[in-house]
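Protein chains in written order, with the numbering used here: chain A, 716 to 1627; chain B, -3 to 431.
The set of hints was computed from the structure by calculation and includes no laboratory data.
Not everything, but these chain B residues come out facing chain A in the computed CB check (under 8 Å):
1. S198
2. F201
3. G351
4. P353
Don't be surprised by glycine CBs; every beta carbon is placed ideally from N, CA and C.
Chain by chain, the residues run as shown.
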Amino acid sequence: MAIIFIDNKAYEVPPGRNMLETCLTLGFDLPYFCWHPALGSVGACRQCAVKVYKDADDKKGRLIMSCMEPVTDKQRISIVDPEAKEFREHVIEWLMTNHPHDCAVCDEGGSCHLQDMTVMTGHNYRRFQYKKRTHQNQYLGPFVNHEMNRCIQCYRCVRFYKDTAGGKDLDVFASRGNVYFGRSEEGVLENEFSGNLTEVCPTGVFTDKTLKEHYTRKWDLTMAPSVCHHCSLGCNTIAGERYGELRVIMNRYHGEVNGYFICDRGRYGYQHVTAPDRIRKAQVGDKETDRHHALNEIARVYGPGNKVIGIGSPRASLQSNFALKTLVGKDNFYHGVSDEEHRLTEFAIRILKDGSVEAATIKDVEHADAVLVLGEDLTNTAPRMALAVRQAGKQSFLPSINKIGVPSWNDAAVREVIQDKTGAIFIATLEPTKLDDAASDVYRGAPDDLGRFGQAIAHLMEEAIPEVSGLTAETRDIVERIAVALLRADRPVIISGTSLANQSVMKAAANIAWALHKKNSHARLAFTFSECNSMGLALMGGRRLDAAFDAVRNGHADTVIIMENDLYRHSRKELADKILSQCKNVIVFDCLPNGTTQKASIVVPAGTFAESDGTMVNNEGRAQRFFQVFEPANDIQESWRSILNIGDLVSHPRLMKWKNFEELTKALAEEEPLLSGVDKVSPPADFRVAGQRIPREPHRYSGRTAMQANINVSEPKPPEDNDSGMSYTMEGYRGIPPSSMIPFFWSPGWNSVQSVNKYQQEVGGPLSGGDPGLRLIHCTNDSPKFFTDIPEQFKPMDGRLWLLPSHHIFGSDELSARSAVLQERIPKAYLIISEASRVEMGIHEGEELSFEVAGRTYSLPLKFSATLPKGVAVMPMGIDGIPYVDLPSWALVKEHHMAEVVTVDVNAKKNQ
Amino acid sequence: MDTVMEKPLTEHIRPDGKPLSLKEYEAVGGYSALRKVLGGMAPKDVQLVVKDSNLRGRGGAGFLTALKWSFVPLDAPKPKYLIANADEMEPGTFKDRILLESTPHQLIEGMILAAFAIQASESFVFLRWAYKVAAHAIEKAIHEAYDAGYLGNNILKSGFDLDMHLHTGVGRYMCGEETALLNSLEGKRATPRAKPPFPQISGLFGRPTIVNNVETLCNIPHIVNKGSDWFKRLSRTEDSGTKIYGVSGKVKRPGAWELPMGVTMRELIEEYAGGMQDGLRFRGALPGGASTDFLVEEHLDVRMDYAGVAAAGSRLGTGTLVVLDDHTCPVGFVKNLEHFFAQESCGFCTPCREGLPWVEKTLQSIEDGKGREKDIDLLHMHTRYLGPGNTFCALAPGAMEPLQSALKYFKSDFDQHIHDHRCPYHAIPATLEHA
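Build out the structure end to end from the sequences listed, making use of the hints.
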């Protein structure tokens, strides 16, 4: 540790970090713009100037930029030095020469870092008396609004978008006072993380376009800590509501999981909550009714004479699944996922539990100095993980860069040294992925061949794994390079997942990680899954979906309660149709209409994440609590609450004992051995600080006495929250809440999201009190038995195609695909075949291919790939127009023909 | 007084100014230094002789050339780079142009020697876009040097390899800053880089790189040939060698001359430039290009070397005087300069990007007769806070040097503009004259 003196007071701090983050960690208010804890320092804005002194006798000192200054022992600086203060004030004054005076009507106002920093420096009187420069704004697509006149040229946007997220279509143009940040021409921002620009931008150049459509100031939002429901990573989010309507999703910092960034699916997928076709009223038969009636109907059906089974869901909370399981009995509770998915998820859990390697957090991936991705198109299956892998690219260079006197946080210098070299990132996938440009080696193969490739790497590390024969010399070279790099690394991470529905890649990933562990205890392994609570559901235990169908088919069940699950996404239509029509009663809890709700005899509206309290388990086995943002109107409520209501109605001996979320969760933690501890993920419902709840509303929340004046001039009583220690009002504890209960980031003088600094133990580190969530899974076996089976090489079949699923960040996830704003980003259905197959089959550009798989004929427009192995085909499952089929499967090629020409009016969309 | 005035850099320039061909250059001893070095000297030997010569960079900062070279790790793997900074864009400066246009082989030989001294395998001439004549000359000379075996693989059968490329910039002052030059050469925006890492360790494409000024490099063959003591004797002062000085402004014979380091400003103006034009009086001069502080009459006998000019409160810079006369408005003069600097700001750091246009607008406003007393405070604020260290690179601090000294030496002119609401140097409009 180093002792430094700030304004003549001694502090003990870690050496080598930059002075700015050190001061911020110590709690000082020091203004800054271009520096960002996740982007590092470049020294562009000159806002964070402080005085530095040679020694105690030096009274004059000199100005330095604290973000560019490494902390050294015995260093003396001053923040309050008049010259430093004056300089900082002038920097704001300079920035303000061209910044509009429109705070009052600017949509960033009230959560604007520039506004905060301006107040902090004390600049308030305008001396600049000339014209301001102005810019043209650009249309940047449906997510992000562009208002260039507000720009203060901090360069953060391009440093995030280009340097951090690998985007290619946002850049900085022109020079001098005319610097412009935008695209070379108007158009949709292509990068999957574009929404982060709204939080990275310190002012209102890039703002959330969806919020703008029904704009609310930050201080007028009712907010709650939530967890993203749109992939298995469980990024922490803040969801904001006003007037009963969900309006915005923001990143909620988590040191181990999402850090400062989330993907666009997570940020913009929320509009399924506000979709016009939301199920808001209960339905019995064909009639809309109230929830009370529907639940009574269910209670009636539940009685003797009916054989009831329950089908849970990987997108429902642990509480909802557990409540259903309790209602129907554990022998009658079925996982609502395909058998293959069920098997793969359980297999992954086995590897993580019975293996020698801990699951990698996203932070582990970000800090890894070698990464192997085996089989996953991360950008589309687990986007935030892809962003982390991209950051890992520089890790292997840092030790040598540090040696030449460049600290890791000196971002521009680090990038100049690295240039366009790629780090130790290796990607083996079926098709090219957007992450490939960050990789130093890529490998393409059919799933089994990826498994073989992985096993070949593992073999070089571990004798117990047999040699893989039949690899080309070129492949052997890559295998060797990867093995060497992984062995050489200090913090290697292997990433795989279930998206290819192939066990061999997961086995190979496990083998490599375990083999590395023998030499390096820092090796980590990450699996990604298909849904937000795939892991939680699998940990809960239950029977397979096929068994549920068998039960109906065999007459062991005639009434099925399906909770937040569209069976048509997990089983073939013919099968689902048959089973559902065979049931006497089909009871469905869900938030949006789908194939399953259409077949239901009773539909109960279910709360979405925003209307629910619950707990989920992410891909690393971390149980995370999400909180209800607002009390939903109409009949909407959490499925678990509806089931507790039913429990009361039928006098269910156990359900009726549990009066609220707290009691339900306690029972869950007690009864499910693998989920033990989930009741401790967040403080209990009676949690108070100095007798006060944590308010969901900022203390500047306005309008509550008037909001409902059209109905009644008396201010209504705010809703009570019996499920958590939070309140739905602006009253309550103003300090920093427990890390799992942060509804929004705010600190005096820090209205923008940058106030997260004040919630962390150290800037960019864990939240105060530790990052939230509880890891349920830990590895337990230091020397697991390696998987020694090597799959056969993939062999194409004449007249058939080995059909595999592809995934899309926009479109593949069920709920976010219903978000209005995502629609134009969702690809149309397609089939990709290899160039070799195209030539062999004599297919031309623009043709469609008809094929039969599992008894159903598909006809899809074709795309061709030079890298796809011959005899393999890929189609995007889950995208509208592609009915479910178990993949992989052999498809029988029928015929090809010219596709109908569909013209899309691009301008029509743009003008909307 | 010097008995014999040697002009090693310029003595062989043809009377018509046309570039010396390879043959002509060889005939006057060209490439003999290269033969000497490749005939048995070690890279360290070359560094040593240059170190002993005390050669300082002629680009403006005056850093010791051999010291700069010594930071390059000699054993670093290939590639390493040597770059001639020929992006001469300092207003009032045209000394490198003479060397580039007339003796391109002298530069090339200097570059090969410097490249050998740091064991670089690749070299670039980063040339100002507007120097079309020089571009042609250098391109031809590089071809000739390749054909003669002075460039390419196994130069003069010594085992030393060096490639050389001509890169013409697009006309940005910023590219004269060595790290912005590197970014530009890499095809990136011409913004400066943070140091560390210094280019000597991590420069072009992340590799060890030396960037030297044209005049600096042209001195190397002569130092190698004639030795460090000879080089020191060329000068009248501590700072060794000759210097190509220039004078522009309303003097009788503006031009550039190679002279012993340390001639006085008075000699330059009165002897070489022929004195002020008739009817004009000397009011001051920027001694080393636009980004240096004004010196005035009391400084006329200041020796034009690094220490001498610094002691007078300015910088030697490029050693090219820009003279201000008593019929030219100092406010307009400085406004013109600030316009240039504001235009040439790369836009990376706030004080430069936002401060310089404000300074320019304020000066324009004063010049237009709309100035206010407070404007002077505003200008002083900028000269103070756009100083070294406060901005990312030296562009804005350089831009403040003529302004701060103008505010000091020509205060009355500023005051008069503000008081009279007009520029006293402009002809008085007829309407006002009769008022």
